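Participant: In case you want the letters, here they are:
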Amino acid sequence: MSETGPDARAEGRPDGAPDGRPTAVQIAAAVVGIVVLGFVVLLATRDVQRNGPNTDIVGQSVPPVAGVSYDGTRFDIDDILRANREVARADQTWVVVNFFASWCVPCRVEHPELIRFDTEGTSCPTRLVGVTFQDQAENVASFFDELGGDWPVLVGDTASMVIDFSVLTAPETVVVAPSGLVTAKIIGETSYDQLAEAVQC
Amino acid sequence: MVVVAVVALGYGATADRGPETDAERAAELAATIACPQCSGQPVSESNAPIAEVIRTEIKQQVDAGLTDAEIRAVYVARYGEWVDLTPSSRGLTGVVWVAPFLVIGAGVGALALAFARWRMPGTTSRATPEDIAIVEAARRQAPGIEP
Amino acid sequence: MNALIGAVAVLVSLAASLLAMGLLVVGIRRHRPELLRAGARYAWVVLAGMVVATFAMQRALITRDFDVLFVAEHGSSRTPPLFNVATMWSALEGSILLWGLVLAGYLAVVVHKFRRRLDDPLVGWAMIAMFAVTAFFMALMVGPADPFVRFDAPPGYDGPGPNPLLQNHVLVAFHPPMLYLGFVGFTVPFAFAIAALVTGRLGEGWLLETRRWTLFAWGFLTAGIVLGAWWAYDVLGWGGYWGWDPVENASFLPWLTGTAYLHSVLVQERRGMLRVWNLSLVCATFALTILGTFITRSGVLASVHNFSESSIGAWLLGFFALTVLVTVGLVFWRGDRLRSPGRIDSPVSREGAFLANNLVFAALAFIILLGTVFPLLVEAFQGRRISVGVPYFERMTMPVGMTMLFLMAVAPVLPWRKASGELLQHRLEWPAWAGVGALVLAVLVGARGLAPLLGFAMAGFAAGAALRQLVLATRRQGWRGLVGRANGGMIVHLGVIVLAVGFVASSAYLRQGEFELAPGQSARLGDTTVEYVGSAQISHSNRIEDRATVIVDGERLEASLEQFIGSGQVVPVPATRSTFTEDVQVALLTAAETADDTVVIRATRQPLIAWLWTGALVMLAGTVLSAFPGRRHRRPTDPVSAPVPVGDSR
Numbered sequence: 001m002s003e004t005g006p007d008a009r010a011e012g013r014p015d016g017a018p019d020g021r022p023t024a025v026q027i028a029a030a031v032v033g034i035v036v037l038g039f040v041v042l043l044a045t046r047d048v049q050r051n052g053p054n055t056d057i058v059g060q061s062v063p064p065v066a067g068v069s070y071d072g073t074r075f076d077i078d079d080i081l082r083a084n085r086e087v088a089r090a091d092q093t094w095v096v097v098n099f100f101a102s103w104c105v106p107c108r109v110e111h112p113e114l115i116r117f118d119t120e121g122t123s124c125p126t127r128l129v130g131v132t133f134q135d136q137a138e139n140v141a142s143f144f145d146e147l148g149g150d151w152p153v154l155v156g157d158t159a160s161m162v163i164d165f166s167v168l169t170a171p172e173t174v175v176v177a178p179s180g181l182v183t184a185k186i187i188g189e190t191s192y193d194q195l196a197e198a199v200q201c
Numbered sequence: 001m002v003v004v005a006v007v008a009l010g011y012g013a014t015a016d017r018g019p020e021t022d023a024e025r026a027a028e029l030a031a032t033i034a035c036p037q038c039s040g041q042p043v044s045e046s047n048a049p050i051a052e053v054i055r056t057e058i059k060q061q062v063d064a065g066l067t068d069a070e071i072r073a074v075y076v077a078r079y080g081e082w083v084d085l086t087p088s089s090r091g092l093t094g095v096v097w098v099a100p101f102l103v104i105g106a107g108v109g110a111l112a113l114a115f116a117r118w119r120m121p122g123t124t125s126r127a128t129p130e131d132i133a134i135v136e137a138a139r140r141q142a143p144g145i146e147p
Numbered sequence: 001m002n003a004l005i006g007a008v009a010v011l012v013s014l015a016a017s018l019l020a021m022g023l024l025v026v027g028i029r030r031h032r033p034e035l036l037r038a039g040a041r042y043a044w045v046v047l048a049g050m051v052v053a054t055f056a057m058q059r060a061l062i063t064r065d066f067d068v069l070f071v072a073e074h075g076s077s078r079t080p081p082l083f084n085v086a087t088m089w090s091a092l093e094g095s096i097l098l099w100g101l102v103l104a105g106y107l108a109v110v111v112h113k114f115r116r117r118l119d120d121p122l123v124g125w126a127m128i129a130m131f132a133v134t135a136f137f138m139a140l141m142v143g144p145a146d147p148f149v150r151f152d153a154p155p156g157y158d159g160p161g162p163n164p165l166l167q168n169h170v171l172v173a174f175h176p177p178m179l180y181l182g183f184v185g186f187t188v189p190f191a192f193a194i195a196a197l198v199t200g201r202l203g204e205g206w207l208l209e210t211r212r213w214t215l216f217a218w219g220f221l222t223a224g225i226v227l228g229a230w231w232a233y234d235v236l237g238w239g240g241y242w243g244w245d246p247v248e249n250a251s252f253l254p255w256l257t258g259t260a261y262l263h264s265v266l267v268q269e270r271r272g273m274l275r276v277w278n279l280s281l282v283c284a285t286f287a288l289t290i291l292g293t294f295i296t297r298s299g300v301l302a303s304v305h306n307f308s309e310s311s312i313g314a315w316l317l318g319f320f321a322l323t324v325l326v327t328v329g330l331v332f333w334r335g336d337r338l339r340s341p342g343r344i345d346s347p348v349s350r351e352g353a354f355l356a357n358n359l360v361f362a363a364l365a366f367i368i369l370l371g372t373v374f375p376l377l378v379e380a381f382q383g384r385r386i387s388v389g390v391p392y393f394e395r396m397t398m399p400v401g402m403t404m405l406f407l408m409a410v411a412p413v414l415p416w417r418k419a420s421g422e423l424l425q426h427r428l429e430w431p432a433w434a435g436v437g438a439l440v441l442a443v444l445v446g447a448r449g450l451a452p453l454l455g456f457a458m459a460g461f462a463a464g465a466a467l468r469q470l471v472l473a474t475r476r477q478g479w480r481g482l483v484g485r486a487n488g489g490m491i492v493h494l495g496v497i498v499l500a501v502g503f504v505a506s507s508a509y510l511r512q513g514e515f516e517l518a519p520g521q522s523a524r525l526g527d528t529t530v531e532y533v534g535s536a537q538i539s540h541s542n543r544i545e546d547r548a549t550v551i552v553d554g555e556r557l558e559a560s561l562e563q564f565i566g567s568g569q570v571v572p573v574p575a576t577r578s579t580f581t582e583d584v585q586v587a588l589l590t591a592a593e594t595a596d597d598t599v600v601i602r603a604t605r606q607p608l609i610a611w612l613w614t615g616a617l618v619m620l621a622g623t624v625l626s627a628f629p630g631r632r633h634r635r636p637t638d639p640v641s642a643p644v645p646v647g648d649s650r
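Protein chains in written order, with my numbering: chain A, 1 to 201; chain B, 1 to 147; chain C, 1 to 650.
Hints listed in this document are in silico derivations from the structure and should not be mistaken for laboratory results. This one's a predicted model, so the numbers in the text were calculated from it and none came from an experiment. A portion of the hints provided could be inaccurate.
[To be verified] Heads up, simulated SDA-like pairs for lysine to any residue below, C-alpha to C-alpha not over 25 Å straight-line:
| id | chain 1 | residue 1 | chain 2 | residue 2 |
| --- | --- | --- | --- | --- |
| 1 | B | 59 | A | 112 |
| 2 | C | 418 | B | 111 |
| 3 | B | 59 | C | 394 |
| 4 | C | 113 | C | 234 |
| 5 | C | 113 | C | 15 |
| 6 | B | 59 | C | 212 |
| 7 | A | 185 | A | 120 |
| 8 | A | 185 | A | 112 |
| 9 | A | 185 | A | 92 |
| 10 | A | 185 | B | 80 |
| 11 | C | 418 | B | 110 |
| 12 | A | 185 | A | 31 |
| 13 | B | 59 | A | 134 |
| 14 | B | 59 | C | 511 |
| 15 | B | 59 | B | 22 |
| 16 | C | 418 | B | 140 |
| 17 | B | 59 | C | 15 |
| 18 | B | 59 | C | 114 |
| 19 | A | 185 | B | 78 |
| 20 | A | 185 | B | 119 |
| 21 | B | 59 | C | 515 |
| 22 | C | 418 | B | 11 |
| 23 | B | 59 | C | 517 |
| 24 | B | 59 | A | 92 |
| 25 | B | 59 | C | 516 |
| 26 | A | 185 | A | 103 |
| 27 | B | 59 | C | 518 |
| 28 | B | 59 | A | 120 |
| 29 | A | 185 | B | 104 |
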């Protein structure tokens, strides 16, 4: 083992600049340190990312809600809005659009509340319409057979409605004023009181 | 050799890129839009119901003849900018596209500078006996490497 | 009982690591070698504590001791035995315990390996660094991630069991331990880098001596990452295995810097250069493992892998900051000694290629890190939320990957110091033909598209170069031509190339379709036939399985939807027909409710998936082969590093 390794050679050399000026390495170290520190501050000040529900639709005019209900009747929100223009303010109809699915548990929970809202109504005229979220007409039919309620529920291709209303998952409920303006969006299960409060004429 | 390579590459790259069917286009789009209910997965890879809704809708939008940009814009408008998995190249977001090139450029520059400095006259450019000894030692250590 | 044993064992480990640090510091300051030796021996106490704590946790899991909160929250009497063992690392506290166990294991092995050199202050400082890291993780287990919190289980209580995604595939039992063996293994080179900086003995070969430790950690990390990809492929049912998810990226970053280090340290070994750079890479690798754990556990970045979020994030972030600051501070302090001697004569040389390699790896790491954290940057500056997803990573990493393959072709044939044009031409002729051959073959079997074809050509080129080296080496040395660092390295290269080809082909030529089928009906996906036969419902201890039998190209496959009792979560379990050239995966999306009801099946067809796993196996085999020295090496530290006398050491 008589060979001199590269490191031995390196050791033999006087290292470093004695003049006290920072070397390139020192400058680089300082820069890296500052950048990483900034990075840590950035990470430390961030919140946990969550997908909040999107309620941007509130305050905008209602996108089209039209289609065929599971029992074959047609529904178009425009019919109601058009009729609204021809009657006195007190007689204008509010529309509540409920996105729901027979497989969703909270939908089952809120269903009695919706039935109450549909039958009792509020001081002003209201219409309730359901829109299926990833569901089949026959499931909807048996759901309503089992739990009651007889408002129109649009089935079939509802994808564009779901997306127009920025719905994330069922249930979500949207309140539409007689003018066609969306005034509230309720995420998750709703209640009679909540809806009655949202509908104010 | 070069000819063979160029011909093969040219043929493979141009000749029938495969008819891009609507279904394939929809699938490609679905891979670039984030499922709004999930954590970072594209709608093409999510079992969330909303992802299925969006996949259905994308297929219809493709059939209806919308362009990729128009389709993406729909979801960005409805669910927020973050559902577009491709960061925009404008504004601050553009930095993510440009910064890597700057950094790579800086790296190449630094290397070039280093080589230029090493090549500067004044330092020995011929192998010293020490160097030869090192190479010899290295060769003895790892005979698999050719001189 | 288990909770008490475990908690005490963790405390013992914490106390032992703190005590050891104290002894070592005093020993170095006062030049008392006996203290150095005594301090290091506490590693065995730390290990004993961790083993006991792990046993206590496993015993609690196996006996379903719901007095331990962790078991009550993540265990269940219905979980099958294997997954019951793996429940330990299915959630935060248990995985920190696993981390602690692995770390204590490495600690003990280091003490054993260096038992004759414990009085060297450099080894002393390395031990201090390791004990400090250990103490941090023990403190986590005492503080925010206590695995042994008590729980008052009401009579008849049963837990929900681990996350369903974590209890339906056997790889779950192996992926995290492998990953941790990799992550934690980087502590060893890091500790020696810190010690070299503190003692100022940077010219010595200590960093080189830890190369093999890095290699082991790297091998485990490789295995861990690939097992994770395999798990994702088998479990998720999208034909995907790598989603550029923040957590996946976080595990890939230390792999990149570690790989860069494994290459560039050779330049230091041969030429004594790049000391700072190598030190930085080692320290960066370690810091990135901590950052990765932070990203996984804090939830600041939305990820599929956020199985658990907790307050531990702040601790990990603080530790990451501390690690970086200590390193940077030491480099700054030792800046005057870090000046590299020597020079590189020509960019067209082995050293030049290693520099280019490092640039490529650094660029890749930068792109991935930037893309991963960029949404946070934008949010901080503009308050809006954006995503950086697969399209970005694919577009940006593709050219870098191509460059890497090109370097893999050219670098192995380059000599050290300087290469001439003719020499290169001569040596690269054969590999170049291999590249053209691969390209022509790819075109002939129907591959199309510029990027994939370029990839195949580069892969052929690189494989040709690696094979050429191996053929020459075996011709000269017989079977020894396959072992040792350089030759083993070439085998690793071959593995990477096989994996890269699998990656390019499977992502470029994926075909997918969803079909609604009644029993007896079939659908076609390209020239693959998918026939639905029938369904059955099966009850297991922890889940109800809806199983659909499907015939794919004559092979019977069973794809299921499993509903877990406890969480109620429904998880698809896809089935795969795998051949060496092509995989067809079927996933059941909608189960049949009656015998003649229809089902919805997603079929995914991807070529060369098997090459991913084969490539990874070749990589691991190459790693093992390169860890065996071709012939007896002297230690890099031998000639210059006789223990510096500390008091009356010998």
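Participant: When the hints from earlier in the document are held up against this structure, which numbers fail?
Facilitator: 1, 4, 6, 12, 17, 18, 20, 22, 24, 28 and 29
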